[in-house]
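Work out the full structure, taking the sequences as your base and the hints as a guide.
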Amino acid sequence: MDHTVTHEVRQEAQRGLSQALRPWREKFPGVVVAEAIRLDSPARAVIAAAAGAELLVVGRRKHHPPLAPRLGPVTQAAAHHARCPVAVVPHD
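Residue numbering for the sequence shown follows the numbering used here, beginning at 1 and increasing consecutively.
The set of hints was computed from the structure by calculation and includes no laboratory data.
Predicted, not measured: the structure shown is a model, and the values here were computed from it.
Each hint should be verified, as a subset may be incorrect.
Beta-carbon label-pair distances, calculated as ranges [unchecked claim]: (1) G59 x E26: 16 to 24 Å; (2) P69 x H7: 35 to 43 Å; (3) V5 x P69: 32 to 40 Å; (4) S41 x Q14: 14 to 22 Å; (5) E54 x H7: 30 to 38 Å; (6) A87 x S18: 21 to 29 Å; (7) A49 x V5: 18 to 26 Å.
Think of the CB as a built atom: it goes at the ideal place given N, C-alpha and C, for glycine as much as any other residue.
So this is what it looks like as structure tokens:
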């Protein structure tokens, strides 16, 4: 990927992330949140971001097709490879 494109992708992703986190920061001002944009596979990025964390919280869908796995690939990778405790929170 071209350096200019990579820089633009990172800037746009950073703006989107900051905007998505704004209401949560206002609602929970005492919670420390570290923003990081990583151009990697989602599973590797989550595991790398959790390095040094005391807890990693990941989600899983409450409702899934009968033959589908209960955990998605990112949550499964986090549960197996993160070096901290992992909380799996159901959502839909």
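Here's how the hints hold up against the structure:
no.: 1; hint: G59 x E26: 16 to 24 Å; result: holds (22 Å)
no.: 2; hint: P69 x H7: 35 to 43 Å; result: holds (36 Å)
no.: 3; hint: V5 x P69: 32 to 40 Å; result: holds (34 Å)
no.: 4; hint: S41 x Q14: 14 to 22 Å; result: holds (19 Å)
no.: 5; hint: E54 x H7: 30 to 38 Å; result: holds (32 Å)
no.: 6; hint: A87 x S18: 21 to 29 Å; result: holds (24 Å)
no.: 7; hint: A49 x V5: 18 to 26 Å; result: holds (23 Å)
Checked against the numbered hints listed earlier, the structure breaks none of them; every hint is satisfied.
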